[in-house]
Amino acid sequence: MKPDFEQFDDIPGTTIFTIEKARQGFWLNQFCMSLRKEENRKRFLGAEREYLDEWKMTEDQKQAVLKRDFQKMLDLGGNVYFLSKIFASEGLSYVQAVSTMTDMNVQEYQQMMLNGGRNIEGWRSKKERGAD
Amino acid sequence: MARITAGVTTSHVPAVGAAIDMQRTEEPYWKPMFEGYEFSKQWMRDNNPDVAIIVYNDHASYFGMEIMPTFAMGIADSFAICDEGYGPRPIPAVEGAPELATHLAASLILDDFDMTVLNVLDVDHGLTVPMSLMFGTPDKWPTKIIPLPVNVVMYPQPSGERCLSLGKAIRRAVQQFDEDLNVQIWGTGGMSHQIQGARAGLINEPWDRKFMDDLVNDPENLQYKPHLEYMVEAGSEGVELIMWLIMRGALGAEVDEVYRFYHVPASNTAVGHMILTPKEI
Numbered sequence: 016m017k018p019d020f021e022q023f024d025d026i027p028g029t030t031i032f033t034i035e036k037a038r039q040g041f042w043l044n045q046f047c048m049s050l051r052k053e054e055n056r057k058r059f060l061g062a063e064r065e066y067l068d069e070w071k072m073t074e075d076q077k078q079a080v081l082k083r084d085f086q087k088m089l090d091l092g093g094n095v096y097f098l099s100k101i102f103a104s105e106g107l108s109y110v111q112a113v114s115t116m117t118d119m120n121v122q123e124y125q126q127m128m129l130n131g132g133r134n135i136e137g138w139r140s141k142k143e144r145g146a147d
Numbered sequence: 041m042a043r044i045t046a047g048v049t050t051s052h053v054p055a056v057g058a059a060i061d062m063q064r065t066e067e068p069y070w071k072p073m074f075e076g077y078e079f080s081k082q083w084m085r086d087n088n089p090d091v092a093i094i095v096y097n098d099h100a101s102y103f104g105m106e107i108m109p110t111f112a113m114g115i116a117d118s119f120a121i122c123d124e125g126y127g128p129r130p131i132p133a134v135e136g137a138p139e140l141a142t143h144l145a146a147s148l149i150l151d152d153f154d155m156t157v158l159n160v161l162d163v164d165h166g167l168t169v170p171m172s173l174m175f176g177t178p179d180k181w182p183t184k185i186i187p188l189p190v191n192v193v194m195y196p197q198p199s200g201e202r203c204l205s206l207g208k209a210i211r212r213a214v215q216q217f218d219e220d221l222n223v224q225i226w227g228t229g230g231m232s233h234q235i236q237g238a239r240a241g242l243i244n245e246p247w248d249r250k251f252m253d254d255l256v257n258d259p260e261n262l263q264y265k266p267h268l269e270y271m272v273e274a275g276s277e278g279v280e281l282i283m284w285l286i287m288r289g290a291l292g293a294e295v296d297e298v299y300r301f302y303h304v305p306a307s308n309t310a311v312g313h314m315i316l317t318p319k320e321i
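So the protein lines, in turn, are chains R and B. Whatever position you read off the first sequence (first residue = 1), add 15 for my numbering. Whatever position you read off the second sequence (first residue = 1), add 40 for my numbering.
Simulated from the structure, these hints should not be mistaken for laboratory data. Model, not experiment: these values are computed from the prediction. Note that the Cβ used here is the ideal one computed from N, Cα and C, for glycine as well. Possibly wrong hints are sitting among the right ones.
Unchecked claim - Pairs of lysine to any residue residues, derived as SDA-like cross-links and limited to a Cα-Cα distance of at most 20 Å, are as follows:
1) Lys71/R with Gly104/B
2) Lys71/B with Gly131/R
3) Lys71/R with Ile34/R
4) Lys250/B with Arg139/R
5) Lys71/R with Glu35/R
6) Lys82/R with Ala238/B
7) Lys265/B with Arg139/R
8) Lys52/R with Pro318/B
9) Lys57/R with Pro128/B
10) Lys57/R with Lys250/B
11) Lys71/B with Glu69/R
12) Lys57/R with Gln39/R
Said to hold, decoys possible - A short list of chain B residues far from chain R (calculated; beta carbon distances all over 10 Å):
13) Gln63
14) Glu66
15) Ala100
16) Asp123
17) Glu124
18) Pro178
19) Glu219
20) Arg239
21) Val272
22) Arg300
23) Ser307
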């Protein structure tokens, strides 16, 4: 069966981690995996740029990590389960980190979840939204 | 003869594990969710199996991007607990069931399911949070575990048809194992959730509830749901629900629904939990 990677392009506000993205983000994600070790977390947080320079990442990927721009990291092939090692290193929760990719602050995001989460109406299709 | 006596499904949210480990389950945010598992913990004490096959996914905790198996099986004596970035969860190591696991892996490969064989595996919250929810916080786990990791992180994930078929093959293989063992199968992950992008926080309760209904009564049609529908309707991470189909396939054509629980939110996620028993053992 021929793979159809474009089928996901119409989902608004969503980056699907495909086998193609996995190739693009390989070293970014491998850097993240290194943060499963406490000594590496300490070394990374102590000298971020130097630590990143040990990995074959693109400059854009390194800048996105330094700025904690998680959406940019997704665009450059990162996957959120890998990226979670960055915010876990700093003791942040998924809610705290994930909310930064939305147009809400963490309190607003948390309240949305308590109210039952983001309603799907209007969020199925970019074409339907007429934007993005 | 070994037999599959029950199936369990549950979400496997990491924050749920953290709430248990930090003794925060009585806090107002968490209490309603944990209360939904009180029945299940008692049921599990009354129906404790010799072995539970736990279908789950690794979350970049053990597998990096070097190797991404579609279906794998842990056949080791024991499985250590991963450090997922916050330090390992303070829980006992997970004891394996190597004889049954070896038989299953071999049977499945001969049945054309090309399982990756794992003689070493550290397990993450995908496997251990369901154990904590069902077993509580014992000093030693009461049940031996066969981990069955599935790639649901990278597209293409296996199809729904393939997952249901794998479950059916697991049922046959368990029944062909000579030792008299009570075996459960757990399908974990889900329900609707999206933890990335501007659409993060998506929850689709009507879709989740219909999925649970169809899992019980209409798995033969449910298996054809395409990946795209999971990702649009249940969020990019909602595709984890294909793992529930593996559980369902292992229970045979008809099941009794023993228990169902649904709760929003746990962190970013809708929690869904079911206990099903096969009409025909």
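So, going through the hints one by one against the coordinates:
no., hint, in the structure
1, Lys71/R with Gly104/B, "16 Å, holds"
2, Lys71/B with Gly131/R, "16 Å, holds"
3, Lys71/R with Ile34/R, "19 Å, holds"
4, Lys250/B with Arg139/R, "18 Å, holds"
5, Lys71/R with Glu35/R, "18 Å, holds"
6, Lys82/R with Ala238/B, "18 Å, holds"
7, Lys265/B with Arg139/R, "16 Å, holds"
8, Lys52/R with Pro318/B, "43 Å, violated"
9, Lys57/R with Pro128/B, "16 Å, holds"
10, Lys57/R with Lys250/B, "46 Å, violated"
11, Lys71/B with Glu69/R, "45 Å, violated"
12, Lys57/R with Gln39/R, "27 Å, violated"
13, Gln63, "17 Å, holds"
14, Glu66, "18 Å, holds"
15, Ala100, "4 Å, violated"
16, Asp123, "5 Å, violated"
17, Glu124, "7 Å, violated"
18, Pro178, "26 Å, holds"
19, Glu219, "36 Å, holds"
20, Arg239, "3 Å, violated"
21, Val272, "6 Å, violated"
22, Arg300, "18 Å, holds"
23, Ser307, "6 Å, violated"
Taken one by one, the earlier hints fail for this structure at numbers 8, 10, 11, 12, 15, 16, 17, 20, 21 and 23, listed in ascending order.
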